[in-house]
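Visitor: Based on the provided sequences and hints, a complete structural model is requested.
Mind the numbering: the sequence shown is residues -20 to -1, 1 to 103 in mature numbering (1 follows the signal peptide of the UniProt record, and there is no 0), read in order.
None of these hints come from the bench; they were simulated from the model.
Yeah, the Cβ is synthetic: ideal placement off N, Cα and C, and Gly gets one too.
Take the hints with a grain of salt, since some may be wrong.
Straight-line distance between alpha carbons at most 20 Å, and here's what the computed EDC-like set of lysine to aspartate or glutamate pairs gives [unchecked claim]:
| id | residue 1 | residue 2 |
| --- | --- | --- |
| 1 | K95 | E66 |
| 2 | K93 | E56 |
| 3 | K93 | E66 |
| 4 | K95 | E56 |
Just the calculated beta-carbon pair ranges, DEER-fashion [stated by the list, open to error]:
| id | residue 1 | residue 2 | range |
| --- | --- | --- | --- |
| 5 | L(-9) | S72 | 49 to 55 Å |
| 6 | P71 | V(-6) | 49 to 55 Å |
| 7 | L(-9) | G49 | 46 to 52 Å |
| 8 | Y87 | S51 | 16 to 22 Å |
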Amino acid sequence: MIGRLFCFLLALQIVSLVSAVRKPFLPAKEEALQSPPPHTIEPKKGLMGIEGTSETMKEAYEGGVSKIGSSPPSCEHKCYGCVPCEAIQVPSTSTRRSHLGIQYANYEPESWKCKCGLSFYSP
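Guide: This is how it looks when you write it as structure tokens:
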């Protein structure tokens, strides 16, 4: 008896999940599909206007504010006269082991170094 009740509840749960995934909730009125939302933002209105926004975004982009990750260092005068001295990313290797037993395979920290020929220099 309990087994049948459990199977029935499990089947009911699966059916309700499948129906919820397959059919999105529709609006009560069909008009809602055709009309725009009552509160729309016009692109030319705002606190600074479109001209000020584009200039601010351009300055932020040129200044490197919107970039993801670290940027390469300046390797000028870092290779002790060796030319060409260029910035490269190298994996950070540590000789000491972590006291944690779990090692994450997809996490490999990297650092920036200056390279000239076969030699590496700290920036």
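Visitor: State, for the Cβ atoms of L(-9) and G49, whether the hinted interval 46 to 52 Å holds or is violated.
Guide: Given a distance of about 49 Å, which is inside 46 to 52 Å, the answer is holds.
Visitor: Are K95 and E66 close enough, with their CA atoms no more than 20 Å apart?
Guide: Status holds; Cα separation ~5 Å.
Visitor: Can you let me know if the beta-carbon spacing of P71 and V(-6) is within 49 to 55 Å?
Guide: Check passed, 51 Å falls within 49 to 55 Å.
Visitor: Hey, K95 versus E56, does the alpha-carbon distance stay inside 20 Å?
Guide: holds, 11 Å
Visitor: May I ask you to test the hint 16 to 22 Å on the CB atoms belonging to Y87 and S51?
Guide: holds, 21 Å
Visitor: Taking only the CA atoms, is the gap from K93 to E56 under or equal to 20 Å?
Guide: holds, 12 Å
Visitor: Against the 20 Å threshold, does the CA-CA distance of K93 and E66 hold or violate the hint?
Guide: With a Cα-Cα distance of about 8 Å, the restraint between K93 and E66 holds, given a limit of 20 Å.
Visitor: Quick one: are L(-9) and S72 within 49 to 55 Å, going by C-beta?
Guide: Holds, at about 53 Å.
Checked against the numbered hints given earlier, the structure satisfies every one of them.
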